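Q: When you get a sec, could you build the whole thing from the sequences and use the hints?
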Amino acid sequence: MVLVHPKKGKQSVGKSKGGWTTKFHLAVSEGGVESSCLSPENHSDSTYFKHLHDNIKNENIRYIIADKGYDSDAIRDCIEAFGQKPVIPYRKNRKVRKNISGLRYQTRNIIERVFGRIKEFRRIATRYDKLGSRFLSFIACAFIWQLLC
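Mind the numbering: the sequence shown is residues 1 to 149 in the numbering used here, read in order.
Since the hints were made in silico from the structure, they are not lab data. Incorrect hints may appear among the rest.
To be verified - Calculated pairs, BS3-like style, for lysine-lysine (alpha carbon to alpha carbon, straight line, at most 30 Å):
#, residue 1, residue 2
1, K50, K85
2, K57, K130
3, K98, K68
4, K68, K130
5, K50, K92
6, K50, K68
7, K23, K119
8, K92, K23
9, K68, K92
10, K57, K23
11, K98, K23
12, K85, K130
13, K57, K95
14, K57, K68
15, K23, K130
16, K23, K95
17, K68, K23
18, K119, K130
19, K23, K50
What the hints assert, rightly or not - Cβ pair distances, simulated, as ranges:
#, residue 1, residue 2, range
20, K68, I144, 28 to 34 Å
21, R94, L147, 36 to 42 Å
22, R123, R91, 22 to 28 Å
23, V96, R134, 32 to 38 Å
24, R123, V28, 27 to 33 Å
25, T47, Q84, 29 to 35 Å
26, R97, R123, 24 to 30 Å
Please read these numbers as outputs of a predicted model, since none were measured by experiment. All C-beta atoms, glycine included, are put in the ideal place defined by N, C-alpha and C.
A: Below you can see the structure in the form of structure tokens.
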């Protein structure tokens, strides 16, 4: 007889084309990281928006800039309810589209560069850690290292 112990902690790992992987959601501003969370790869980005948005402490944010993965009416309504303006490109299957500010959307490269700098750390790029909390801890260490160097 083999005793099986329950797993300790959430792993946030999901199956995708490339195998078992994780998505890292991040909200940043000029002041630094505002909010972050992990999700399995096979979950939609839009389901984790509320968690990110609710944990933002900075009240001076006027624009929320995101990629197409966060395009939904519910997310746009949530952003506008807080008096902010969404700068999210529409998916190609949307019937009604409004113009978005291309100049504002270009600032999204800031977050892409943050992800690129984090993935320079091999342990984060390959995700050796099984527990989500431990993985987030190493991501925090990577941010601290970036600030110090």
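Q: Decide, hint by hint, whether the structure agrees.
A: Do the hints match the structure? See the list:
Proposed proximity of K50 and K85 is supported: the alpha carbons are some 15 Å apart, at most 30 Å. Pair hint K57 plus K130 holds up; C-alpha atoms about 29 Å apart against a cutoff of 30 Å. For the hint pairing K98 with K68, the CA-to-CA distance comes to about 14 Å; that is within 30 Å, so the pair holds. The suggested pairing of K68 with K130 holds, with an alpha-carbon distance near 29 Å, which does not exceed 30 Å.
In summary, the hint linking K50 to K92 is supported, as the alpha carbons are separated by about 23 Å, within the 30 Å threshold. Taken as a hint, the K50 and K68 pair is honoured in the structure, with Cα atoms around 16 Å apart against an allowance of 30 Å. At roughly 12 Å between alpha-carbon atoms, K23 and K119 fall within 30 Å of each other, so this suggested pair holds. For the proposed pair K92 and K23, the alpha carbon gap of about 23 Å is at most 30 Å, so the pair holds.
This hinted pair checks out: K68 and K92 have alpha carbons roughly 9 Å apart, not beyond 30 Å. With a C-alpha separation of about 22 Å, the suggested pairing of K57 with K23 holds against the 30 Å cut-off. Restraint check: the Cα-Cα separation between K98 and K23 comes to about 28 Å, which is no more than 30 Å; the hinted pair holds. With a C-alpha separation of about 37 Å, the suggested pairing of K85 with K130 is violated against the 30 Å cut-off.
Restraint check for K57 and K95: the C-alpha separation of about 34 Å exceeds 30 Å, so the hint is violated. With a C-alpha separation of about 24 Å, the suggested pairing of K57 with K68 holds against the 30 Å cut-off. Distance hint between K23 and K130 is fulfilled; the C-alpha atoms sit about 14 Å from each other, no more than 30 Å. The suggested pairing of K23 with K95 holds, with an alpha-carbon distance near 28 Å, which does not exceed 30 Å.
At roughly 15 Å between alpha-carbon atoms, K68 and K23 fall within 30 Å of each other, so this suggested pair holds. For a cut-off of 30 Å, the pair hint linking K119 to K130 stands: about 17 Å separates their Cα positions. This hinted pair checks out: K23 and K50 have alpha carbons roughly 16 Å apart, not beyond 30 Å. Against the hinted window of 28 to 34 Å, the Cβ-Cβ separation of K68 and I144 comes to about 31 Å, which satisfies the hint.
Against the hinted window of 36 to 42 Å, the Cβ-Cβ separation of R94 and L147 comes to about 39 Å, which satisfies the hint. A hinted range of 22 to 28 Å for the beta carbons of R123 and R91 is inconsistent with their spacing of about 34 Å. In this structure the hint that V96 and R134 lie 32 to 38 Å apart at CB is violated, the actual value being about 44 Å. A beta carbon spacing of about 21 Å between R123 and V28 contradicts the range 27 to 33 Å that was offered as a hint.
At about 20 Å, the CB distance of T47 to Q84 disagrees with the hint of 29 to 35 Å. In this structure the hint that R97 and R123 lie 24 to 30 Å apart at CB is violated, the actual value being about 41 Å.
Checked against the numbered hints above, the structure breaks hints 12, 13, 22, 23, 24, 25 and 26 and satisfies the rest.
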